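Asks: What follows is the residue order along each chain.
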Amino acid sequence: MKRREFLGAVSASALVALLPSGAFALTDAQAKSLVDKAVADINKVISSGKSLNSMIRDFERIFVKYADVPVIARSALGADARRASSAQLSAYTKAFQSYIARKYGKRFEEFVGGHIEVKDARKVKSFHEVQSIATLRGEAPFSVNFLVSDKSGKPRFFDMIIEGISLRLSEKEEIGAMLDKRKGNIDLLTQDLKKAG
Amino acid sequence: MLFSRNSSLSNRLFRAGVLAAALFVAACANNAPSTGVYDPYEAENRGTHEFNKDVDTYLVSPLSDGYGVATTHGVRDTIGRFSAHLALPNDVANDLLQAEFGDALHNTGRFAMNTIVGIGGLFDPAADIGLERRDTDFGETMHVWGMAEGPYVEMPFFGPSTSRDTVGFFVDVAMNPFVVIFQDPTQYIGIVAYVLDSMGTRYDYDTTVDSILYESADSYGQARSLYLQNRRFELGMSGEDVYLDPYSDPYSDPYEDF
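Note that the protein sequences, when read in sequence, are chains D and W. Residues in the first sequence are numbered consecutively from 1, following the numbering used here. Residues in the second sequence are numbered consecutively from 1, following the numbering used here.
Just so you know, the hints here were simulated from the structure itself, not pulled from any lab data. There's no promise every hint is true.
[Unchecked claim] Straight-line C-alpha distance at most 25 angstroms; calculated DSS-like pairs for lysine-lysine: (1) LYS154/D with LYS50/D; (2) LYS181/D with LYS65/D; (3) LYS53/W with LYS50/D; (4) LYS65/D with LYS106/D; (5) LYS94/D with LYS181/D; (6) LYS94/D with LYS50/D; (7) LYS151/D with LYS125/D; (8) LYS119/D with LYS154/D; (9) LYS183/D with LYS106/D; (10) LYS106/D with LYS53/W; (11) LYS194/D with LYS50/D; (12) LYS53/W with LYS103/D; (13) LYS181/D with LYS53/W; (14) LYS195/D with LYS53/W; (15) LYS195/D with LYS103/D.
Model, not experiment: these values are computed from the prediction.
Only chain D is shown next, with the shape it has when bound in the complex (with noise of 0.2 angstroms):
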């Protein structure tokens, strides 16, 4: 019912964290080849037959390749980020991108035999939103859509929504109620985050 397919949309969220959205998405046939080619490599790390930490190692890779990570992190650590040193900022990061591939990575057997299929693409406000569909094995398809943005000098995904769940605002709630927890301290928040996921 309503609660499986919203349980599903928020499961799947672990599947669009993972795919890379590639080049600049200018036309369907370009946004389109990419993810198909982007999914064939996931699929390929998921049959591997590798251990669990081997294939979260991948996606961890997969993630740093395609997303734009460091305004990713600093967009769900939001305003605090402004009073973080860099590298306090950079430790931050790294840590946060090895906790979004564990967390899910880990879940990622769960989408064998999935595929999602690029339907459109346009221009919103600065960036892009490439529409696409994803169909689970035994589940309703359901949208994914992907934001890109050449501003960081490349261009890179720096949110996946899925269902209308984004993962960028989703991790925001969950990075602030981690910080929440530190009372606000940024070197005990990155400490928990490499435990964390």
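Place chain W on chain D using the hints.
Replies: Then chain W, alone, in the frame of chain D:
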């Protein structure tokens, strides 16, 4: 349905009460925009959330583990299809209330096809001929009527909701044609299917549910955020509608924050 006994009078009274409550809430509706998080009852909601977590830890999770081990994925999917099938008459009623006549026709065709060819809804041949699942609910009907979503609510047992969707939930339960038309004990088939389907869902999405409830730094805030984002998307409030909202706008530009 949940509260009725054998007396059809109490059934009718309950339904009348729910309708009256729905109309009252609809009459009080304001047009405040449904954006951001509006949670004036957060303290009470957090109490309910802890209760729900206990229910999950000590009851639902262990029971669903047993149910999941005792069934195959195929069996759980079949029960899920059957449960959704029983909700179709209610979907059609809501389609009509929303003046979505195309969807009403779509769901009527789906119901006929799956009842006859799909053996009472155990299978879903309708999806293969383009009559895929398009469910709706009375919360959506009230949204279409212009009601704001209201404060965030965490319901006991049923979890994240809004005040509008909570009213919608009770209207759907009370007005469900399957329950209204069929008397006891047939109507309990729907409840049994719903409970089993919920168990199956809890089992199949065990990792996801656990990550939200037990691994989040603040499971209440995480569940609230996920629910509101997804629900607003379901109601068609995506894209340009949310561009202006600084909190819940996934399209806010993170490159402009700094």
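Asks: Each hint: holds or not?
Replies: Quick rundown of the hints versus the structure:
no.: 1; hint: LYS154/D with LYS50/D; result: violated, 31 angstroms
no.: 2; hint: LYS181/D with LYS65/D; result: violated, 31 angstroms
no.: 3; hint: LYS53/W with LYS50/D; result: violated, 35 angstroms
no.: 4; hint: LYS65/D with LYS106/D; result: holds, 19 angstroms
no.: 5; hint: LYS94/D with LYS181/D; result: holds, 20 angstroms
no.: 6; hint: LYS94/D with LYS50/D; result: holds, 24 angstroms
no.: 7; hint: LYS151/D with LYS125/D; result: holds, 13 angstroms
no.: 8; hint: LYS119/D with LYS154/D; result: holds, 23 angstroms
no.: 9; hint: LYS183/D with LYS106/D; result: violated, 29 angstroms
no.: 10; hint: LYS106/D with LYS53/W; result: holds, 23 angstroms
no.: 11; hint: LYS194/D with LYS50/D; result: holds, 23 angstroms
no.: 12; hint: LYS53/W with LYS103/D; result: holds, 21 angstroms
no.: 13; hint: LYS181/D with LYS53/W; result: holds, 20 angstroms
no.: 14; hint: LYS195/D with LYS53/W; result: holds, 23 angstroms
no.: 15; hint: LYS195/D with LYS103/D; result: holds, 11 angstroms
Going through the hint list in order, the structure does not satisfy hints 1, 2, 3, 9.
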